[in-house]
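Chains as they are written, first to last, in the numbering used here: chain Y, 1 to 195; chain B, 1 to 776; chain Z, 1 to 196.
Please keep in mind that the hints were generated in silico from the structure rather than gathered at the bench.
Treat the hints with care, since some could be wrong.
Unchecked claim - Under 7 Å between C-beta atoms, here's a sample of chain B residues computed to sit facing chain Z:
1. 9
2. 16
3. 17
4. 52
5. 124
6. 127
7. 438
8. 439
9. 440
10. 441
11. 526
12. 606
Said to hold, decoys possible - Which bits of chain Y does chain B cover? Going by a derived footprint, with three or more residues having C-beta under 8 Å, they are:
13. 39-49
14. 58-69
For glycine and all other residues, C-beta sits at the position ideal for the given N, C-alpha and C.
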Amino acid sequence: MSRMAMAIDLAACVGCAACSVACKHENEVPIGVNRLWIRNTTIGTFPNLVTEFRPEQCLHCENPPCVPVCPTGCCFVRADGIVDIEPMKCIGCSACIAACPYDARYMHPDGYVSKCDYCKHRVEKGELPACVTTCPTLCRSFGDLDDPDSDVSIALRGARRVDLLRPGLGTGPKLYYLNAPAKFGLVGEEGQRSS
Amino acid sequence: MKLGRRDFIKLSCATVGALAVGSTAKAQLFPGGFPNPFRPPPGKWFEGDVTTSYSYCEMCFWKCGMKVSVEGGKVRKVDGYVENPKSRGMLCPRGQAAPATTYDPDRLKKPLIRVEGSERGAGQYREASWDEAFDYIAEKMFAIRDEHGTESVAFMGHGTGDEWFASYLPGAWGTPNAAKPSVSLCTAPRETASVYTFGRGIAGHEQIDWDETDYIVLIGHHIGEDTHNTQLQQFAQALTRGAELVVVDPRFSVAAAKAKDWLPIKPATDTALLLAWINVLIEEEIYDAEYVEKYTLGFEQLAEHAAQYTPEWAEAITEIPADTIRRIAREMAAHAPRAVLPVGRHVVWYGHDDSHRMRALYFVNILLGNYGMPGGYFLCDAPIVDTFPAPELPLAPAAGGCGSGPVEVGDSPFRPSVDRGKFFGTATSVQEFIEPMITGEPYPVKGLFAYGVNLFHSIPMVERTKEALRHLDLYVAIDILPMEHVMWADVILPECTFLERHDDLNLVAHKTPFIQARFPAVEPMYDSKPAWWIARELGIKLGLGEYFPWEDIEEYLDRRLSSIGSSLEAMAEQGTIVRRGRPYIADWERLNRNPFDTPSGQLEFYSERFAEAGLDPLPVFIDPMEGPSGYYRLLYGRSPVHTFARTHNNAVLMEMESENSVWLNTREAERLGVSHLEYVYLENQDGVVEGPVRANVTERIRQDCVYITHGYGHKAPLMKLANGRGASDTHLQTRYDLDPYSGGAGLRNNWVRIVPGAPDPQHKPIAQLVRERSQA
Amino acid sequence: MTTAPQTTPIATDLAVLDLLLQLIAGTYRSPADALRDDLASGALAEACSALAEALDLDAPGFQAPVWTTLQAAYVDLFVSSGNGVAAPPYVGYAIDGELMGPSAQLLGAAFSDHGIELQDAWSDLPDHVAAVAEGGTLLAHSARPEAAHALLEGYLAPWFERYATAIEAKDVSGFYAPMTKFLQAAIKEVTREARS
Chain Y
1 MSRMAMAIDL AACVGCAACS VACKHENEVP IGVNRLWIRN TTIGTFPNLV TEFRPEQCLH
61 CENPPCVPVC PTGCCFVRAD GIVDIEPMKC IGCSACIAAC PYDARYMHPD GYVSKCDYCK
121 HRVEKGELPA CVTTCPTLCR SFGDLDDPDS DVSIALRGAR RVDLLRPGLG TGPKLYYLNA
181 PAKFGLVGEE GQRSS
Chain B
1 MKLGRRDFIK LSCATVGALA VGSTAKAQLF PGGFPNPFRP PPGKWFEGDV TTSYSYCEMC
61 FWKCGMKVSV EGGKVRKVDG YVENPKSRGM LCPRGQAAPA TTYDPDRLKK PLIRVEGSER
121 GAGQYREASW DEAFDYIAEK MFAIRDEHGT ESVAFMGHGT GDEWFASYLP GAWGTPNAAK
181 PSVSLCTAPR ETASVYTFGR GIAGHEQIDW DETDYIVLIG HHIGEDTHNT QLQQFAQALT
241 RGAELVVVDP RFSVAAAKAK DWLPIKPATD TALLLAWINV LIEEEIYDAE YVEKYTLGFE
301 QLAEHAAQYT PEWAEAITEI PADTIRRIAR EMAAHAPRAV LPVGRHVVWY GHDDSHRMRA
361 LYFVNILLGN YGMPGGYFLC DAPIVDTFPA PELPLAPAAG GCGSGPVEVG DSPFRPSVDR
421 GKFFGTATSV QEFIEPMITG EPYPVKGLFA YGVNLFHSIP MVERTKEALR HLDLYVAIDI
481 LPMEHVMWAD VILPECTFLE RHDDLNLVAH KTPFIQARFP AVEPMYDSKP AWWIARELGI
541 KLGLGEYFPW EDIEEYLDRR LSSIGSSLEA MAEQGTIVRR GRPYIADWER LNRNPFDTPS
601 GQLEFYSERF AEAGLDPLPV FIDPMEGPSG YYRLLYGRSP VHTFARTHNN AVLMEMESEN
661 SVWLNTREAE RLGVSHLEYV YLENQDGVVE GPVRANVTER IRQDCVYITH GYGHKAPLMK
721 LANGRGASDT HLQTRYDLDP YSGGAGLRNN WVRIVPGAPD PQHKPIAQLV RERSQA
Chain Z
1 MTTAPQTTPI ATDLAVLDLL LQLIAGTYRS PADALRDDLA SGALAEACSA LAEALDLDAP
61 GFQAPVWTTL QAAYVDLFVS SGNGVAAPPY VGYAIDGELM GPSAQLLGAA FSDHGIELQD
121 AWSDLPDHVA AVAEGGTLLA HSARPEAAHA LLEGYLAPWF ERYATAIEAK DVSGFYAPMT
181 KFLQAAIKEV TREARS
C-alpha cells in the first residue's frame, strides 16, 4: 500500500503549460479535452498585484466523490492511491463527470470517461509522471506520502505554506499547492474579483 | 455486369509506382479480405515496441537536447535528457509539441513552381520534381549573375539549416547579402554593445550564472513568457533557492509576478534608469572599486559623464521614484558580485537608444564586478570541431549568427553588402535588404532565398516587403508550412521537419561547452528533404559541387566528429558531448590569458572607436519619440506556448493559446467604454488596422501602452488553424528606427488606437477546426 | 487487432473492379506524362466509357483540360495552394482525422501481409489514394478479388464519401469534378452489386 501524491510549488510555476502538452502526447489525449490545465488569476490594483499560475488536474482524492456514483465499478481507487478508470467497463454515463467538483474528468471521443491517472504506466516502472519530468520550473514533486523520504514528502515539509483546493468539500485531495503567492492562500477560492 | 469490349483494359496512367508485388507474402492473415478500419481503439503507444533516438529541438532557437520515442513508424513523444546541458531532462511546451508539427496535415509536401503568368501572391502552383525545381532556380540565378552580378542574389535564413542557406551557399555562390533576422530584428544591439565593451559577444544563450546569483534585476526580460528552457529552469531554481528578484517592465509580466519589486517604468526610458543606477553606484562609492581598477578602462570619463544622471533626473523621465532607484542600487551593491542584470534577447526596441541601453546595462554589471565572476556573467566559447575539408569559399560565409560579424569583402572582387555604411556595427541587417529590391540602390537585389524566415511576420513594413517581392526576378522559399510569404514564391521547396532529418552538429557556447547531434527519428514524409540535401543538390546545379565534397550527411558528420575522436556511431549512442569550460576570469588568469578581446585588453567604459566614428563614446539618454494623442505605444512579447509566428498551426499548441489579446489598462478601458474580452480593432499611426482582437482589460499594464503577443494574425488560408486569429504586431509596425550603432531595427516606435465595436469573428474551437480539416 | 474477414461472394466482374481501381489510381496520381498521354489519346475517356457501360452509368463528361490548368488544379485540390487543400489525398486521414494514424498503419500491415510492398521511389505517404488504388489493382491481378473489394469498400469509399463534394465544388479544371462524381458513383454501384 502506498499513497501516491503530488505537490506543486506555485512560487516556481510560471504557467507555461509544458506539463499539459507533455501529458497530451504521453497519454494521447485528444484535441478538445485536457487532463491538466492552467488557471491564471490576478488580484489587486496597479501596481500592487498578485498573479497566481495554478495547474489543475485530478487530485486523486482520498474520498473521491466520483467513485461511489459509478454504476459499473469502472471508477476505482488503486492500491497505490491513484484514482483510476477501467475504460472497457465504462458505459459513458457521465455520473462521475458530474460528481467531480474539480471538473477533472472528460468524455473521450471513443465514448468512455478519462482523466489524469498520474501516468500510472510510468509510475509502475519507477518513473515520474510526464508532467513532473518535463516541468522546466521543477515546480512539481511526486511520490508516496507514506514515505517520509519521497520527493513529495520532502517538498511538503519544506513549504512555507500548503493549500488544498476547496478543502471544505472533505474530498481529501492528494495534490497539494505549495507557497501560494497571495497571503491568504489560493486565489479564486473566496470569490475574489480577478484583475 | 461485364465489360463490353475486352476483359482487361490497361491504362498507363494507372501505374503510379507506389506499390509493387514483392516476395514477402505472409500466410493469409486476412483470408480473402482486408481488416476493417473501423475498429476499437488500439493499445497505447508505450505498450508497443518503442525505439528512441537523439535529436535537438527545433521548435525554437534554444535547441534543447531531446530523445525521440518512435512506435509503429510514428513519433509519439519527445523528452529532454539529463546528460544534455540545455534540456537537463526537461522540455518546454513547444518542444513537447514537436510531433504535432511533423504530423501537421497542412505541411508542404512537394516542390512547387508558380504557374507561368500567375501573379506572385495569387498562390497558383504546379508540382515539380526536385530536379526540375533546381534547374528552374539555377537558370534564373545564372541570368541574374550575368546581368547584375552574384551579389544581386540575397539569402535570408533562420533555424539550424540556415548555416547552409544564410552562410555556406551564399559564400560559395559569392554574395555578401546574407542575413538572419535573429540579428538585426533581435539581438544586434546587445552584440555590438558587448563586443565594444567586453571584447566578446553574448552569442546565443545568455551567459548568466543563475546557479550562483543572489540578486536579479530583469529589464524587459520576459522569462516565463519566452520559455527559454534552461534559463527558465535556472531562474526558477534561483528563486526557489532564495535569490531576490526585481523586475523593470511597463507590464506586470510573468517574471514580475515572481518579483519582490516591480518597477512599472515608462516605456522607452530604461536607459535613464540604468544611467541613474550608474550614478548612484559611483556617487555613493558602492561599486566594486577593486574590480573596476583591475579590469576596466575609462572609469574617470564615465564618473564625470554619469554625474548628471541623478535619481531625481531619472524619476522625472522614468516615473520611478528616486528613492526606489537608490534603494535598488544599494541592494544590488550589497549582493555584488552575486547580483546581476541579465542581458535580454530581443533588444531592438527603440532604435536610436538600443545600443546605449545595452552598454549602460553592461556598465552596471561591471560596476557590480560581476562580469566573469560567480553569480554574474560567466565566460563561454563554443567547442571547436573541424569543418569538413573543402576548398576555401570565394566569400567567407558569415551572415552572422547572433554574435558574429558580416561578410567583409576585403580584397575580393565582390561588392560589399547593400546595407554597408548605413550604420556603424558589423552585423548584416535583414530589413535593409528590402529597399534595394525596390530602388536598385546601391545596386539591385533581384533574387531572394527565404529559408525558414517568415518575411511577413518578422520584417517591419509588410507592404514594402510585398512590393519588394514583386520586383524580384527569382524568389525561392524553403519552409515546412505554407506560410503566407511562402505562397508568394516562384519556387517552393518543402523541407522535412527536424524529427525527420540529420542536421549539422550544434556547437554550443555554454558554461560547459557542448556538442549535440540530431538524428532522424523517422523517414521524411512526402517529398520533403533536409536542408543539407537541398543546399548540396542546388549547389551542384549551380556548378559549386567542389564545395560539397561529401556524398551524404553521414559522411560529413562522421568526418567532423572524427576530428575530436568521436564518430557518428558514438554520437548516436550518447547524443551530446560535454566539454569543460573556463567560466570565470580566474580560469583564464591561471592560464595567463586575457578573455577581453578589446583594443585595450580591458573592459571599455569609454570607447575610442565610437568617438573616432563621431558617435557617443559613452551611453547617453535620448528623449524617446512620442506618439500622437489618443494612441498607445504598441509593446509586444511572447507566449510561452509559441515561437515567433512559426507554431501557430500546431494543433496542440494552438489549443493551449488560440488567439492573442490586447492588454489594456482598466482605467483606459473604462474611458474608452471597452469591456473585458470584447473584440476591438487596433489602428496604428499610419492607418493600418489589425484585428478583430480581444481586449484583455487588466491592471497588469500601464496606461500609456498596450501589449500583444507576437506571431498571431496570420493571413494564410492554407494554415487552417492559424489563419485569421488575433492581431499581428508586425503588420502594425509600419516604421522602425535604425540603431546607428548596430543596424538593429527598433520596432517599438509604433502607436495604436483602440477601435471598439469590432464584430466577434466567431472563431471555431481548435478541436472543431482539427475535425473539419480532415473532413474538408 | 480486430479483423473482419470478407466472406461475401464477389459478384463484380474482376475486370470491372480492376478498371475502376485503375481509374482511381490514374485520376488522383500527381499529373505526369502518362496521364497527359492517356488524356490526349483518348484512352482515359475510352476506359471511362467502358466502365460506365458495364455499370450502366453515364460516362463523365469532361473535355481534355488545358494541361497547366490541370496541374494547378491538382496542387490546389490535393497538395497545397489557394485557399486550402480541398481533399487531402490520404485514406487514413479521411478515416481517422490523423496522418499515419491507426487505419493507415493497419492498411500498411495488410498490404505487407499480401506481399505488396512500397516502392523506394514513391515519395508520398503509403496511404495516398492513388497508391492504395494501385495496390488494389495488384490484388485484383493476383486473383485476390475479395481483398481488392474489401480495400475499395473499407478504405477508398470512405475517402470519396468525405471529399467528393469538396472536390466537385472547388475544381476549376473541369476534370477532377466529373471524374470524382463518376468514380464515386461507380464505387457505389460496384459495392452495391457485391452485396446483392
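Each hint, compared with the structure:
Among the interface hints, the one on residue 9/B holds; its C-beta lies about 5 Å from the nearest C-beta in chain Z, closer than the 7 Å criterion. Proximity of residue 16/B to chain Z holds as hinted, the smallest CB-CB distance being about 4 Å (cut-off 7 Å). The restraint placing residue 17/B at the interface with chain Z holds, with a minimum CB-CB distance near 6 Å, inside the 7 Å limit. Annotation: residue 52/B was flagged as interfacial toward chain Z, and the flag is violated, the nearest CB pair being 18 Å apart, outside 7 Å.
Taking 7 Å as the C-beta contact cut-off toward chain Z, the hint placing residue 124/B at the interface holds, the least distance being around 5 Å. Contact between residue 127/B and chain Z, as hinted, is supported at the beta carbon level, the nearest pair being about 5 Å apart and thus within 7 Å. Given the 7 Å rule on beta carbons, the hint for residue 438/B is violated: about 27 Å separates it from the nearest Cβ of chain Z. With a cut of 7 Å, the hint placing residue 439/B at the interface with chain Z is violated, because the nearest CB-to-CB distance is about 32 Å.
Violation of the interface hint for residue 440/B is found here, the shortest Cβ-Cβ separation to chain Z being roughly 31 Å, above the 7 Å cut-off. A cut of 7 Å between beta carbons decides the hint on residue 441/B: the least distance to chain Z is about 35 Å, and the hint is violated. For the restraint placing residue 526/B at the interface with chain Z, the shortest Cβ-Cβ distance is roughly 6 Å, inside the 7 Å limit, so the hint holds. Violation of the interface hint for residue 606/B is found here, the shortest Cβ-Cβ separation to chain Z being roughly 56 Å, above the 7 Å cut-off.
Here the stretch 39-49 of chain Y counts 6 residues with a CB under 8 Å from a CB of chain B, which clears the bar of 3, and the coverage holds. With 0 residues having a Cβ less than 8 Å from any Cβ of chain B, the stretch 58-69 of chain Y misses the three-residue criterion, and the hint is violated.
When the structure is compared with the earlier hints, violations turn up for hints 4, 7, 8, 9, 10, 12, 14 and for no others.
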